[in-house]
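Trainee: Residues per chain are reported as follows:
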Amino acid sequence: MQIVDLEPIAVTIDITWTPIGHLDDIPRRGARCVETPKGRVAVFRTADDAVFALEDRCPHKGGPLAQGIVHGHAVTCPLHNWVISLETGGALGADEGQVKTLLVRNEGGALFLSLDTLTARAE
Amino acid sequence: MTQKLVIIGNGMAPGRMLEDLFEKAPGLYDITIFNAEPRVNYDRIMLSPVLSGEKAYEDIIIHDEAWYAYHGVTLHKGARVATIDRAARTVTAENGITASYDKLVIATGSSPIIIPVPGSDLPGVVAYRDLDDVARMLDAAKGGGRAVVIGGGLLGLEAAYGLKRQGMDVTVLHLMPTLMERQLDPAAAYLLEKALAARDITILTKADTQAIVGDGKVEGVALKDGRVLPADLVVMAVGIRPAAQLAKAVGLEVHRGIVVDDGMRTSDPAIYALGECAEHRGQCYGLVAPLYESAKVLADRLSGGQGEYQGSVTATKLKVTGVNLFSAGDFADAPDRQEIVLRDAAAGVYKRLVLKDDRIVGAVLYGDVADGPWYFDMLRRGADIGALRETLIYGQSYQGGGTHDPRAAVAALGDDAEICGCNGISKGKIVAAITAKGLTTLADVRAHTKASASCGSCTGLVEQVMALTLGDAYQPNAVEPVCGCTDLGHDEVRRLIRAKGLKTIPAVMQELEWKTSCGCAKCRPALNYYLVCDYPDAYADDYQSRFINERVHANIQKDGTYSVVPRMWGGVTSSTELRAIADVVDKFAIPMVKVTGGQRIDLLGVHKEDLPAVWADLGQAGFVSGQAYAKGLRTVKTCVGSQWCRFGTQDSTGLGIRIEKFMWGSWTPAKVKLAVSGCPRNCAEATCKDIGIICVDSGYEIHFAGAAGLDIKGTEILGTVKTEDEALEHVVALAQMYREGARYLERIYKWAKRIGYDAVRAQIMDDADRRRGYFERFVFSQKFAQVDPWSERVSGKDKHEFKPMAIIAEAAE
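Residue numbers (my numbering), protein chains in the order written: chain D, 1 to 123; chain Y, 1 to 813.
None of these hints come from the bench; they were simulated from the model.
Hints may contain errors.
As the list claims (entries may be wrong) - To give an idea of the chain Y side of the interface with chain D (calculated C-beta under 10 angstroms), a few residues: (1) 518; (2) 519; (3) 551.
Here the structure is a predicted model, which is why all the values come from computation and not from measurement.
Backbone N, C-alpha and C fix where the C-beta goes; we use that ideal spot for every residue, glycine too.
Starting from the given sequences, assemble the full structure and let the hints guide the process.
Mentor: Structure below.
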């Protein structure tokens, strides 16, 4: 899930932001991984410089989404070409599946990830 | 004895006449053609799309060299005829070639009219008539600059549009108050002028040219009202006149054109005239449809028939993308005529029908031209429209009770209704061809009937006829789009990349009107390959548009680990190499080591983070990437050949290694696997490879287009060469031909089947210049491609690919 202009007042005290690096560490239309105690997270940067974080695991066969080709606000899994929406974590097209999304915050290029807000949208 | 037929001119009219003649009476004549232009017969109607960059010269060739060869026609290119000796029945060209004839066809076409104002001979003033003119205009347009087009008729406007597309500032000067006054009434001309203005083309009407000014080259155009328009290029497109000088010089009857009777015969019974140079019943034609009609009559006459040409009613369409315009017949006002007009300003639609005695005599449609063929059909037949009169203007779909299904309109057409105006093809003829020959694709229908094969504007109608005839068997998307981001197929995209000189993925997407902002995982790798192939020096490889395997130079496995395959040239290794591999396996605890089908060793289960370190160790032992992950050159499998084998005829191992060292690193549309066998026992299994070589005593038999994967297919033989050097050159040239022509992910065997094995042989075996050209382009491309990607990454390239951005030890408190 993407947060563009997060005003301080909107940040609830529950959210802890962990710095993970800079926007420039990720190539446009690309992704990098962040290793966390809860598993590997893929952080995507799209052509329009939006940033998204998803669990690095395709709902189909567990493929590493960070290795896929990024296009628009979506990524194509390298194993079997499932297309996953970066905005919702949902599979696009005829496939059905859901990837967990995480909050990521971009403060003038500095990126922060919120691990404790793994937002399950499975319903 | 076979009669001799000589044709002067090699344009579309004689080309069509010959097609008709070969169909009616093949082998009846021994045929010689003199062509003043240095090339084969091409589609002159399509010059405008060539100028605008929407088509390339190759796309508009009607008859290629092979066609002339097949029909045994002698074609003298670049041979302008100087004189005809009517008594001796011989023709002599300026270059001295002479041919005698029993029957002669003059088809010299027409010449552009150059208005005789001062300065009209300055460099930078061009006509718009043939490919050389187009080349001159494209050349002038390279630097941008300003173009002035004199003449606001069909040709002038198409030239203006093309030059605008090529990036020039364009002004059109038209002498009359409204554009295309011969085809359009003032109302339609006004809409057209507006549409062109919206495309940033300046239109000046009532503009009378006084002089073209400039010192040594064109600098401007001076008008009689005193204005001077700056110009770097001036295009004269005021009209054409029949090229009848030769006929006149030898005493044939000539008025405006060469006078012919209804059998297309001139005043000399052994001589016929055809095309734009001919004048029939006082009329000279400059559009293709009537020329094709008269070509048919002439073919009939030449094969002993008694066909008569009755003259033609013509219809016009303007080939300016996005402007829909149709005009047919005569639409001048007269006391005994009535008109029906429909205007829809909001939709930009204007329709006008001119009627006389309940018959349509003229039609002008602007904006919505779907009913053009319907009106034109009634106009030609002189159909009584009395009963339809009230609703006629609403079009054909209105007649049947309000259905707006375009198919219903086509279904309602009679069998003799004309679908393709350029080629005079009726609905019935298309239906008959589909049924009799089992045609299912548009390309087939075009090949067999010529319908929509010229200007292409009736393509939609032809497709509807196909849909009606074939029902569900018709798959309109026979040209499969690259992906959902575009309607264009791979071939179109490749052609347009070259025609428009597109050099980046965003430029391709912008110019070819991609429907998505940055493509998808299907089109981006394809576009990246096409650009790498076409511009090896100038294009910056877009790694984000490559599949992960090509991005990290290893093969991703189902668990997210990678496999690593170092190159073993020709499948030959050594104890040092094997020891290095063993050490790497131990050091990185690589779980599996497997011998591949391509004679090398695969290390499976390597973690991505370890890849650069694995490569560093392998590199120390002299290994480079085996590119086992690439749409590129994979392996060259060999047998031991004459070095060891008692049956070996040549050094197959050495040749395999030589080829592999020459070709490694090259990107190709799909993977390419080679093999070299030292004798016909073929232990390297060369006859199921993309390209294979079987060594024989006398040299090297080159094979191609094999497959042993999803499909099993033995190779085709390309040909046999004598030396190793020749074998290398042929193999490399074939690979380059494939690189330039195939669709992304299309293996050689599919590509070769699609374009024809003989077409490959003709270019690689029979045409040394072409082969050399392919070879040299491959060599040039290799200068940029032969960089070991592993050592690059060991040195730090793309570091970000191989390690996490961050490691968070435990959940933050």
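Trainee: Take the hints in turn and mark each one as holding or not.
Mentor: For each hint, the structure was consulted:
1. 518: Holds - the Cβ of residue 518 of chain Y comes within 10 angstroms of chain D, reaching about 5 angstroms at its closest.
2. 519: 5 angstroms, holds
3. 551: 8 angstroms, holds
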